[in-house]
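Given next are the chains, with one letter for each unit.
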Amino acid sequence: MNPVSLNRRSFIAATIASGAALTFEARLTLARAAAGAGAPALLGAFIHIETDNTFTIEAKNPEIGQGIKTMLPMLIAEELDVSWSQIRILQADTNEKLYGPQFAGGSWATPFNWLPARQAGAAARQMLIAAAAKTWGVEAASLTTEAGMVFHKATGRSTTYAALAPEAVKVAAPDLEKVALKAPEAFRIIGKSQPGVDTPAIVRGAPLFGIDTRLPGMIYASMVKCPVQGGTIKSFSDSVLRKERGVVAVVPVSSGEVAAGKQDAVLIVADSWWRAHKLRDKLSVEWDSAAQAGFSTASYAKQAAALLGAAPQTSLFKAGRADAALARAAKTVTADYSYPFLSHATLEPQNCTALWHADGKLEMWAPSQTPGDGVKDIAKLMGIAPEAITVHMTRIGGGFGRRLMNDYMVMAAQAAKAVPGRPVQLIFDRTDDLRNDYYRPGGWHRLTAGIDASGAMIALKDHFVTFGADGKASRASEMNAHEFPGPVIADVDFGVSFIATNLQTGWLRAPTSNAMAFVFQGFMSEVAEAAGLDLPELMRRTLGGPKMLPRAEEGEPEFDTGRARGVIDAVCKFASWTGKPSSVKGKGRGFGFYFSHRGYFAEVVDITVSDSSAVKVDKVWVAGDIGAHVINPLNAQHQMQGAAIDGIAQGLVWQPIVQENGAVTQENFSDFPLMRIEMAPDDVAITWVITDNPPTGLGEPALPPVIPAIANAIHDATGKRLRSLPLQLT
Amino acid sequence: MPITLTVNRAKRVVEADADKPLLWVLREDLSLVGTKFGCGAGLCGACTVLIDGEAVRACQTPIAEAAGKSIVTIEDVASLPVGKKVVAAWVALDVPQCGYCQAGQIMSATALLSRTPKPSADDITAGMSGNICRCATYLRIRKAILEAAGLEAAGEAA
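In order, the protein sequence lines correspond to chains W and R.
The opening residue of the first sequence carries number 725 in this note's numbering; numbering runs sequentially from there.
The opening residue of the second sequence carries number 99 in this note's numbering; numbering runs sequentially from there.
Hints should not be assumed to be uniformly reliable.
[Said to hold, decoys possible] Below, a list of computed lysine-lysine pairs in the DSSO-like style, where the Cα atoms sit at most 27 Å apart:
1. R:LYS241 - W:LYS1002
2. W:LYS1085 - W:LYS1002
3. W:LYS916 - W:LYS894
4. W:LYS1343 - W:LYS1444
5. W:LYS1343 - R:LYS241
6. W:LYS1444 - W:LYS1309
7. W:LYS1343 - R:LYS109
8. W:LYS1340 - R:LYS241
9. R:LYS241 - W:LYS1311
10. W:LYS986 - W:LYS958
11. R:LYS216 - W:LYS1002
12. R:LYS241 - W:LYS916
FYI, nobody ran anything at the bench for these hints, they're computed from the structure.
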């Protein structure tokens, strides 16, 4: 793991250990009286009580289409005990000291906020009740609430939260840990479908997204970046360019070593982005990229083949003696699996708007999944205090992990400094976006399993060839030492070898899991076939009785084999899985299971293979266990559809990123095609397995199992094992 | 040079180069930012607008070509009877996820239903294939078009 990865994980682990609730407690002390008549009263940072007894709730996290801007306020509104129709939602600015962690990643928002957000709402309600008790001279315990009103049933008195707010803000903030929360049976909002709060604004084309930011006097920046990642500026000539109409500035930017990685580029700042973009060929830049020229997709494949033929460079996990166990196995199965680099390809290209104020303060409008990290990068690079940087969070036109990195923020900040007092909007074009990604890294696996006479897996080896240097995997290139089924097999040997690359690697929706699910569930399907079983049955036998397996990493829960078994059984029942081979020509059915991001998912896909060997997924059946509550069922369904179809895209549609002479060659959606409507299945059917566990997030965990399910369905339909992504029969 | 455009029922005079794409005129000169930049090559459909009722990629349309024609963008599509139904169906089914592509989807769906009021499943695929949704809201897009057309279940459309 590289330092960036470690830092991120340590941060998450530390946040969990210390309890996110602490930051909420600090926030409640901010409760203050209305500044004047007619102004809303604030109960903590999240809740504004308006004088007409409506409520503004601040949504603290970046919205990338995962529905968090709707969901977090649902939690607060539930415990505040107001009606959803009384709510207005306001996007908060970046201020992690005030709001707590503000990022969109790892499907963390639900587990992070499930308790603290409800506690914030419940604490405010308790303060309002205390105010009513004092006003009426009655016991707080004799009061009830509903829809923004407090009631004293014994005397028939009632009043609004708005009427109580001036008194409530004087009440000492209660201990969040001791605040009474509703019993789930009393939930009026949690568990009820709520449409996206921004949907009405989206359908009328309102300016919501980062790229829609419009400010007086705003100018635009287009980027000229070295075609080779990691290349630096040797020299550039802008004398011709500067004479062109509309050009305001030509700004070389270099980020040095920040978390987003070294980013060198020349930005053309003009009165129109279209003009700046058109003028790019008037700028001549000499790049220094000799050190990166040798990196190519072909060389990676060649190196991987050579490395797989030798012993692993390092050991990841060893238990027992795998070679000896394989030697005594009744049968062995060996197979090689691989997957390519992928780009995130968010539909809203990377962009950021920045304004360098006369007093040296920096104001930004950033579509970032981790705006706080962007602030740290900029503060480090530009030598300014983080407190001098204000970041407004815009709605984001797709994240998928791309916007966990803040290269566009770092570059926009430098452009803004060059044109102080004028807001500047940096926009990547599609080619910039495809060639300057933090790619899902490719990888190769050589797997060997041994089964005994009863068909049980007794030994497992994997040699994983991934990207990295000095014995350490690059960002998002690592593998879980406890990858299933390793922990339940006595004799295991996981080893790793590394290939160097100049490309920045990064987290793509369900990072590592989107690849490992394909590799391990695809391979286990082969083992099942050798054992005369279907994959669900091999999984049941391998999982065994309910037990906890080691956690993938610090801060993550353990792997509960009982919950895994629960979703496997549920999807088999839901899809009427028989395990019998397909009897219809061109039709196939496949299964896949994966546990990631705290969610357990088992999926079945039905496919049709045409006479021309094109594969179409007809239907996806999903069984998921994300704990005791599905907070917003409508959005949960959206996330399931999106994750399943994104998985289909990774399995069948997306083309690999191809690198030649150090440079990524993809230009646009012509050579990096995305999933279109004709490839979408007819249906994604969902069943939830409700278990007594804290609810967790849905952005990611439904994606990984669909990929091996498709590979296994292709085997069912055609008898062919496809072991390399994307899955192509011809 | 000044170019006169009819955008959303209003005459607008724009001082811009004749080869400037309509997309950037809308976004930069008229502050109509609902029409989105996705690929700049006519491949994703995010910039779809209606010109004289036809769905057109604004990123591939120099404004000189749009002069004198009637341009409708997402900001005013609900003023069209079909557009109003499409927008209502989009809200009823809560189609958007991130929402970035949805302006283009709504414009293409409006054009589709304007020329084919009762579309088959194949008509929907053909009419919407040019619009990418990276969040994959395709199942709801299909349903919303059927709802806007007064065809309820997917089965009835075939």
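Each hint tested on the structure:
The straight-line distance between the Cα atoms of LYS241 (chain R) and LYS1002 (chain W) is roughly 40 Å, outside the 27 Å bound, and the hint therefore fails. A hinted pair counts as satisfied when its Cα atoms are at most 27 Å apart, and LYS1085 (chain W) with LYS1002 (chain W) does not qualify at roughly 31 Å. Pair hint LYS916 (chain W) plus LYS894 (chain W) does not hold up; C-alpha atoms about 33 Å apart against a cutoff of 27 Å. Between LYS1343 (chain W) and LYS1444 (chain W), the direct Cα distance comes to roughly 21 Å. Compliance with the 27 Å bound is thereby established for this hinted pair.
Between the alpha carbons of LYS1343 (chain W) and LYS241 (chain R) the distance comes to roughly 16 Å, so the proposed pair stays at or under 27 Å and holds. Distance hint between LYS1444 (chain W) and LYS1309 (chain W) is fulfilled; the C-alpha atoms sit about 14 Å from each other, no more than 27 Å. Between LYS1343 (chain W) and LYS109 (chain R) the alpha-carbon distance is near 49 Å, which puts this suggested pair outside the 27 Å criterion. Between LYS1340 (chain W) and LYS241 (chain R) the CA atoms are separated by roughly 20 Å; this keeps the pair inside 27 Å, and the hint holds.
For the suggested pair LYS241 (chain R) and LYS1311 (chain W), the alpha carbons sit about 25 Å apart, so the restraint of at most 27 Å is met. For the suggested pair LYS986 (chain W) and LYS958 (chain W), the alpha carbons sit about 15 Å apart, so the restraint of at most 27 Å is met. Using a Cα cut-off of 27 Å, the hinted pair LYS216 (chain R) and LYS1002 (chain W) is violated, with the two alpha carbons roughly 43 Å apart. A C-alpha spacing of about 22 Å is found between LYS241 (chain R) and LYS916 (chain W), which places the hinted pair at or below 27 Å, so the restraint holds.
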